[in-house]
Amino acid sequence: MRIVVLTKPVPDPASGQDRLGPDWRVDRAAAPAVLNGNDEYALEAALRLVEAHGGEITLLAMAPPSAPETLRKGLAMGADRAVLVTDPALAGSDIPSTVAVLAAALRDLEADLVLAGIDTSDGFAGVVPAALATTLRLPLLSNAAAIEPDPAAGRVRVRRIVQGGYDVLEAPLPALVSCTQALGAPRYPSLKGIMAARSKEIAVRSLADLGPLPRPVGGAVAETVVVAVDPPPPRGATRTVRAPAAEAAREIAEFLAARRLLP
Amino acid sequence: MSGRLVVVGELADGRPTRLTTEVATLGRRVAEDLGRPAVGILVGPDAAAAAETLAGFLPEVVAVDVPELVDLAPAPRVAAEVATLVVPEDGPILVGASPDGRDVAGALAVLLDRAVLANAVDVEVGPEGPTTVTPIFGGKSIVRSRFVGRPGIITVRPSSVDAAPAPAAGRIVGRAPAAASGGPTVRRLERVVEASGEIPLEEAPVVVVGGRGVGGPEGFALLQELAALLGGTVGATRAAVDAGWIPYARQIGQTGKVVRPRLYLGLGVSGAIQHKVGMQTAETIVAVNRDPDAPLSEYADLYVVGDLFEVGRALVAELRGRREGGGG
Amino acid sequence: MVVSSTPPGYELTEEQRLVRDTVRALADDRIAPRAAEIDRTGEFPWDVKALLAEHDLLGLGIPAEYGGVGADLLSVCLAVEQVSRVCATSGLIIAVQELASLPIVLAGTDEQRRRWLPDLAAGRQLVAFALTEPEAGSDAAAVRTRAVRDGDDYVIEGTKRFITHGSIADLVVVFAVTDPEADRHGRMSAFVVERDRPGFRVARLEHKMGIRGSPTAELVFDGVRIPAGNRLGAEGEGFAIAMRTFERSRPAIAAQAVGIAQGALEVATAYARTRRQFGRPIGDFQMVAALLADMDAATEAARQLLYRACTVIERGGPDAARWAAIAKLVAGDAAMRVTTDAVQVLGGYGYVDEYPVERMMRDAKITQLYEGTQQIQRLVVARALLGRE
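Residue numbers (the numbering used here), protein chains in the order written: chain S, 154 to 416; chain X, 32 to 359; chain L, 4 to 392.
Same shape as in the complex, but just chain S (with noise of 0.2 Å):
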């Protein structure tokens, strides 16, 4: 089975440095890029179903050149390729721009099975892998909580979270799964994977090498513009106690009580 997994490296929200730059595009810089956290749990999903039915991992992103290194950890985890699509005129890109693009890329992996976390931690809008099933007229199997496929009958089933349960759907392959959390939690590359990576393919594609696409994209045709960037309104003070269990539950209660939020 061919699994390609979509990737975005992203800037470490631990790192508490994630911010926009003066130009109000997000500051690189500034913070440390990882791979996004939910196409960590996608990937840890690629290679639960590798492991149970044999196949091949493709990493693919659409991200500034430096993106390497933050593919790497996903080829130490177990991917056992990556392209990564990098151009100049893609910086500021839309979402329709960075749908269109990575559309084509997908097209050439022939993949069976593509999978993209849910949202991610810099966008959080969680519209691209509906867009792209779209594009690309794959079914969509979103907000995944286990994915089966049946390879051999050519199809794949997927739990998908809705509230108060799930629903079991099913569609044929090649399909497209957008991939949660409840998939389980993704591996530590092992040390031995580290060192394998190291001789794992990290394809780097230009636009050109992309060919025709069917709309122009990239910053300069964004559609949409950012016009202020302003921190939140403050919070008021923190109240610290420090005091016994019993006091301590006594001044909770209080502060709720004045509140008017006990029942």
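Hint data in this document are derived by calculation from the structure and do not stem from the laboratory. There may be inaccurate statements among the hints.
Pair by pair, the computed Cβ-Cβ distance ranges are [stated by the list, open to error]: (1) Gly282(L) with Glu204(S): 56 to 66 Å; (2) Pro304(S) with Gly66(X): 51 to 61 Å; (3) Ile171(L) with Gly174(S): 49 to 59 Å.
If you want a taste of the chain S side facing chain L, the calculated C-beta under 7 Å gives, among others [stated by the list, open to error]: (4) Glu222; (5) Arg225; (6) Ala229; (7) Tyr341; (8) Pro342; (9) Leu344; (10) Lys345; (11) Ile347; (12) Met348.
Backbone N, C-alpha and C define an ideal beta-carbon position, used for all residues, glycine too.
Please build the complex by placing chains X and L on the supplied structure of chain S, with the hints as guidance.
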């Protein structure tokens, strides 16, 4: 004629979701500011019936009954039907940022070739048209963005707006399905209900949240007890979910749910940025943690330095005492 | 077009950064929550050992053909540093496995390597390094333990002290005198002793000030008979094997020291940012800020020196012993000073076990003592400087 502001609704159990009524409330106001008529679109098996509710929020609701959506994953078909109803002059198109809403928005972006501004908590209207307000990086910055050229699709974050019905009910227009199909078919074989009766996390007025400090699944019993006493439900951080102590559906934060309860009570929660994303707009934040320097200590309203079990058990006793005392 | 790894140079390579970041995440998520309890109970953390084994961290320096990772010395040190940053006892597990398997890697025959290294690399077995004796500490050549040839066997007689992991190791690399008449560099040979050999016993465990989860044992060899095939290298090569081992093990201890210092610096910095006195965070006060700045400078200086030492030692050459000694000397002193100052920054809170800095201060002290005391490191450096043996 100038175009319409479109609100794409979402159905659950034959009714518009709470998020749909929130988006409709926001859409009605934005449409007034833009001087455009607002129209809601509902696509689904019981769309006509559900339109009665949504018409309480919008001047016009178009209902497209698609009975076969019972057995299908709805988003592609919903997007396809909406695409047939939207004309080039229409916009912006507001969609709730729920899992289904995001799927509909993504598909619509391609079908209509429109740009997307995601995850708005508000939409302001200025001389250049609608401007979205979106917190990014866990609320560290508030970004205002607008469309260049024609207005596109805006997804609206849950719990950003208080749903309020319109003074007068709108009219309902029934339409027959017009889209050929929703693209490749995704069949729904089964719906499994796991947590009937529990208050959905996003709708609970009080959320009692456990983190790594809870230490194990048994530790959540105390949180359940507190939630019951406070009239709320239980949530968790990613650490507690990843450890398998509580299901993913209970997770609050970056990769989980976004909540805006009246009271957030965190026990053994550090409040790191990934969690903060999902709860920072809670009206009141109270936290109990042994670590005096955890991030929550900087943005909670009340921060108790102490053992969550000791303080938690004392709080159970205190609340019980008050309840009994209040009765006598 | 194919992108290769960053070429090695003054910066860490892409691969080394990945090793560092991976081990840091593992340490933060899985080891840090255990550190206080390991110190309190003084019990060896078998769960942490299993975790390290699962991620290949016990076979880091062992060549890939013998089941190890085949990582360079700097990568080994990065791993020890990151684990020691949260738990010095756990960092030592990596360092000791590396140190004690080195004689087999450096001097073992292919058959011996195949016999022992795969189990060590996989973490199925632990190994200890037994050189020090009650009367032979800094003076390594004063070893009294004897190994007497008897047909195809050797019979080992003697006592070893302060042997890290001595009580839990499956294999012990023992240095014993084979020729009492030879000069100090030719008297000793190195042997691998399996723990189930009759006559081997653990006489006692030490009660230590720090690294309390790491068992330090006194080992008695009471006529332990081993086949000659357990000897590493030629007879009389023991001293040379030990010294070559130190060239690579001293940096690992320096890495432990840098990690401890970094851990203390982070705790103290976070504390200074949030602890308020006189109406403002104590980090706003210049006397506290200066302490933190000096702690950071000392830690970073030790770290950069260590990284440089690793690349010099990896390349080989006559200067390796000097670099190893300098790195350990500077890092050990930095760890002691930085952890002591961290306790100072935290004041009374630093002196009690509510915060980890008192543990870090106790743990730091050992880095000035083992793998050669700071005085021995100075001796090594001075000899290199003055050109005398």
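Going down the list of hints, with the structure as the test:
1. At about 58 Å, the beta-carbon gap between Gly282(L) and Glu204(S) stays in the expected band of 56 to 66 Å.
2. Distance hint check for Pro304(S) and Gly66(X): the Cβ-Cβ separation is about 55 Å, which falls inside the suggested range of 51 to 61 Å.
3. Distance hint for Ile171(L) and Gly174(S): a CB-CB separation of about 53 Å, consistent with the stated range 49 to 59 Å.
4. With a cut of 7 Å, the hint placing Glu222(S) at the interface with chain L holds, because the nearest CB-to-CB distance is about 6 Å.
5. The criterion of a C-beta within 7 Å of any C-beta in chain L is met by Arg225(S), whose closest approach is roughly 6 Å, and the hint holds.
6. Of the supplied interface hints, the one on Ala229(S) holds, with its beta-carbon coming within about 6 Å of a beta-carbon of chain L, less than 7 Å.
7. At a threshold of 7 Å, the smallest CB-CB gap from Tyr341(S) to chain L is about 5 Å, leaving the interface hint in force.
8. Given hint, Pro342(S) at the interface with chain L, holds; its Cβ is 5 Å from that chain's nearest Cβ, closer than 7 Å.
9. Interface hint status for Leu344(S): upheld, as the beta-carbon distance to the closest one in chain L is roughly 4 Å, under 7 Å.
10. The restraint placing Lys345(S) at the interface with chain L holds, with a minimum CB-CB distance near 5 Å, inside the 7 Å limit.
11. With a least beta-carbon distance of about 5 Å to chain L, the hint placing Ile347(S) at the interface is held under the 7 Å criterion.
12. Interface restraint check for Met348(S): the shortest CB-CB distance to chain L comes to about 6 Å, inside 7 Å, so the restraint holds.
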